[in-house]
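There are 2 protein chains.
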Amino acid sequence: MKVLVLGADGYLGWPTCMNLSRLGYDVIGVDNYLRRTLCLQEDCDPLFAVPNLQQRAELWKQKTGKNIGIEIGDLCDWGFVERIFDHHQPDAVVHYAEQPSAPYSQKDYDTAYLTLHNNLAVTFNVIQAVHAHAPSCHIVKLGTMGEYGTPNIDIEEGWIEIEHKGRQDRFLFPRQASSLYHTTKVMDTDLLWFYVRTWGLRVTDLMQGPVYGLETEENAGDERLYPFFNYDELFGTALNRFMVQAVAGYPLTVYGKGGQTRGYIHLMDTLQCVELSLRHPPKEGEMRIFNQFTETFSVNDLAQMVKKTGNELGLDVKIQHLENPRKEMENHYYNPAHTGLVELGLKPHKLTEQMLTDMMRTIIRYKDGIERQRIFRNVKW
Amino acid sequence: MKVLVLGADGYLGWPTCMNLSRLGYDVIGVDNYLRRTLCLQEDCDPLFAVPNLQQRAELWKQKTGKNIGIEIGDLCDWGFVERIFDHHQPDAVVHYAEQPSAPYSQKDYDTAYLTLHNNLAVTFNVIQAVHAHAPSCHIVKLGTMGEYGTPNIDIEEGWIEIEHKGRQDRFLFPRQASSLYHTTKVMDTDLLWFYVRTWGLRVTDLMQGPVYGLETEENAGDERLYPFFNYDELFGTALNRFMVQAVAGYPLTVYGKGGQTRGYIHLMDTLQCVELSLRHPPKEGEMRIFNQFTETFSVNDLAQMVKKTGNELGLDVKIQHLENPRKEMENHYYNPAHTGLVELGLKPHKLTEQMLTDMMRTIIRYKDGIERQRIFRNVKW
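First to last, the sequence lines map onto chains A and B.
With numbering that gives the first Met the number 0 applied, the first sequence covers 0 to 380.
With numbering that gives the first Met the number 0 applied, the second sequence covers 0 to 380.
I should point out that these hints are in silico values taken from the structure, not numbers from a laboratory.
Ideal placement from N, C-alpha and C gives every residue a C-beta, glycine not left out.
Just so you know, not all the hints are guaranteed correct.
With a straight-line cut-off of 20 Å between C-alpha atoms, the simulated SDA-like cross-links for lysine to any residue are [to be verified]: (1) A:K164 / B:E162; (2) B:K326 / A:P134; (3) B:K164 / A:I159; (4) A:K164 / B:Q167; (5) A:K106 / B:H132; (6) B:K306 / B:R364; (7) B:K379 / A:Q127; (8) A:K106 / B:A120; (9) A:K106 / B:H130; (10) B:K106 / A:A131; (11) A:K379 / B:H130; (12) B:K326 / A:L171.
Selected chain A positions facing chain B (in silico; Cβ < 10 Å) [claimed, not checked]: (13) Y112; (14) A120; (15) N151; (16) E160; (17) I161; (18) D168; (19) L190; (20) W192; (21) F193; (22) Y194; (23) T197; (24) L321; (25) N334; (26) H348.
In isolation and in its complexed conformation, chain A is listed as follows (with noise of 0.2 Å):
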């Protein structure tokens, strides 16, 4: 099965490419190096230096033998997209390539904008060139966990059922999010099901929780096959960069009171998610949603983990409540379904205390290259 792996230098991308090569797909890994330049633009770097695209494929190929194909451009540009589209006839897409960061959609007018147009630009392309040029390809588009907000009833997955005024029908779970990068997913949605409903795509959405981790089966003993590992409040996510602060010596910032609770997920998990989500394809005209975590953490319950197993590894670990820079509820009810994909067959990773001192001690090893300056940014909204 041929696949084209959409951001594929990124956090999820590079881990899904090898993950998806090893297990015998043949895989062409696509990117513009967007999320890189935004790093530097930003300030932003990640704790170690990554090989480019065709330094990994080929580093790849000298562990495994195994070829990954690159194709480096943009995807808002449609002529870039229909010529991939029509060269590669892939039978599924992996859509990872949007910018990513909440506070990095809040930060100003350009930051905002830039967001907005890529996002549905390449959603929209990649609708476009698949019913083009590949029509029976299937797309397993990443959304998030972020779409739905925080609701007072129970979140279903991507679905609900509404009884109104004795009369009922199935509509989109409703979706209120709480920045703009996720609200772009949210409008990914929208585009993505009219076209369902349209055009007879066949899509896989995974509403992903915030991911954590480094390690993979692939990448395992050699970390120049490691993934971007941001730490800084723009691109790094929750868990990540309290380890890191920890590392660092640097207060734990936790935003208002901490209550905020979310579905999180290794990045093993996610490989597996996106792995059997393409094993199992949905039926033309299908738009299939997932909520993809493995387990709900407050802010709070993260930082006592990671100060727990600091204290643990000799570090000196405090946990420092800000005032909270975004608008969102401290306090909440949350209670997500998420048996889709153990239904398919995922083994999930829970997060134990070895699996955070391991990474830890990778962290601790890196530990002279973390800039102090790049943890904490201060992006309101």
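Since the structure of chain A is already known, use the hints to place chain B on it.
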């Protein structure tokens, strides 16, 4: 009260400029003539030529002594948008500045991309400009009843209370539109609702049904002040188009079974609704949604009414059922609420035989200008 009317050149824009000017508002009309350009490109110029905005403003001044300011520029261009908001400091903005045709949005890649890009970029720029330069400015946004689609439950005015597994919350009423154009309006709603919650904007989102009509209080007796009147499948609305077809001896083209039911509104009532919204602004941080139509008709109802009126005027009107080129339900439940604007004071002008007769008499005077090849374009989706 100073009001920017965005999309001032359009079918609704120019009548709105005159109506608000007559009622004492300080009006600035803004447009880049996109609609005219698209009509030219697609060979679907309206039934009669329409003066440009400066000429119309001059005609209006001669007639009433009142000034309507004109700004020509592209609202996708942030520099232009910033300049006009900063310079005029509007109390309100009426936002019509979108590519308004469903079939145009479904024609090909370029027309779809233009629709997506233009509609979202303009809405985004308006939001950003209000926040940066006129934070208490009331945004009156033209949405569409088409955002809701044709669900099997009663359509409420924008919002729905959902009870689910013993808990409840209030959400945007579920939206699932049946063209890319309508889907961009759904995405506009998502974007507005996010920034209303985040920045405390004041927004009135008007879910309007198809509009018909030509004469208003302001242009009566002066056809140089009439709005664009398109009769082609791309830019003409259902009832207007059928009347021209009747006059031209072109069978009324009913798609499929013709049971497609929508909420319709006369142009004069659109003007009332917009002015009532301006006169009664929402609170800061409130997104107020009204369903803006006065009566529901099926396509068959419209065809029968036009046929009857046409026959009485001595025309030989035929009805032809074509294979439906669109993906839509041809028989469906449809019961949308529409009480909010009536509560604000709307006095509906319902569709009467007299009204149809008057409109058809006007069209008959322009009969020689009707180009038959413009009527049916067979855009499929």
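Comparing the hints with the structure gives:
Using a Cα cut-off of 20 Å, the hinted pair K164 of chain A and E162 of chain B holds, with the two alpha carbons roughly 12 Å apart. For a cut-off of 20 Å, the pair hint linking K326 of chain B to P134 of chain A stands: about 18 Å separates their Cα positions. For the suggested pair K164 of chain B and I159 of chain A, the alpha carbons sit about 11 Å apart, so the restraint of at most 20 Å is met. With a C-alpha separation of about 15 Å, the suggested pairing of K164 of chain A with Q167 of chain B holds against the 20 Å cut-off.
Only pairs whose Cα atoms come within 20 Å are accepted, and K106 of chain A paired with H132 of chain B is accepted, the gap being roughly 17 Å. Restraint check for K306 of chain B and R364 of chain B: satisfied, since their Cα atoms lie roughly 18 Å apart, inside the 20 Å limit. Taking the CA atoms of K379 of chain B and Q127 of chain A, the gap is near 15 Å; set against the 20 Å cutoff, the hint holds. The straight-line distance between the Cα atoms of K106 of chain A and A120 of chain B is roughly 18 Å, inside the 20 Å bound, and the hint therefore holds.
Taking the CA atoms of K106 of chain A and H130 of chain B, the gap is about 14 Å. The hint holds against a cut of 20 Å. A distance of roughly 13 Å separates the Cα atoms of K106 of chain B and A131 of chain A; the hinted pair therefore holds under the 20 Å criterion. Taking the CA atoms of K379 of chain A and H130 of chain B, the gap is about 14 Å. The hint holds against a cut of 20 Å. Straight-line distance between C-alpha atoms of K326 of chain B and L171 of chain A comes to about 19 Å, which keeps the hinted pair within the 20 Å bound.
With its C-beta approaching chain B no nearer than about 7 Å, Y112 of chain A sits inside the 10 Å limit, and its interface hint holds. For A120 of chain A, the suggested interface contact is upheld, since its CB lies about 8 Å from the closest CB of chain B, less than 10 Å. A distance limit of 10 Å between C-beta atoms decides the matter here; for N151 of chain A the minimum to chain B is near 4 Å, and the interface restraint holds. A hinted interface residue such as E160 of chain A counts as satisfied when its beta carbon comes closer than 10 Å to some beta carbon of chain B; here the least separation is about 9 Å, so the hint holds.
Residue-level restraint check for I161 of chain A holds (minimum Cβ-Cβ distance to chain B is 6 Å; threshold 10 Å). Annotation: D168 of chain A was flagged as interfacial toward chain B, and the flag holds, the nearest CB pair being 4 Å apart, inside 10 Å. Using the Cβ-Cβ criterion of 10 Å, the hint placing L190 of chain A at the interface with chain B is satisfied: the shortest such distance is roughly 6 Å. Checking W192 of chain A against chain B: minimum C-beta separation of about 7 Å stays under 10 Å; hint holds.
Here the hint on F193 of chain A is kept, as its CB sits about 4 Å from the closest CB of chain B, short of 10 Å. Interface restraint check for Y194 of chain A: the shortest CB-CB distance to chain B comes to about 8 Å, inside 10 Å, so the restraint holds. Checking T197 of chain A against chain B: minimum C-beta separation of about 5 Å stays under 10 Å; hint holds. For L321 of chain A, the interface hint is violated, the least distance from its beta-carbon to any beta-carbon of chain B being 19 Å, above 10 Å.
For the restraint placing N334 of chain A at the interface with chain B, the shortest Cβ-Cβ distance is roughly 9 Å, inside the 10 Å limit, so the hint holds. The interface hint given for H348 of chain A is violated, since its Cβ lies 29 Å from the closest Cβ of chain B, which is over the 10 Å cut-off.
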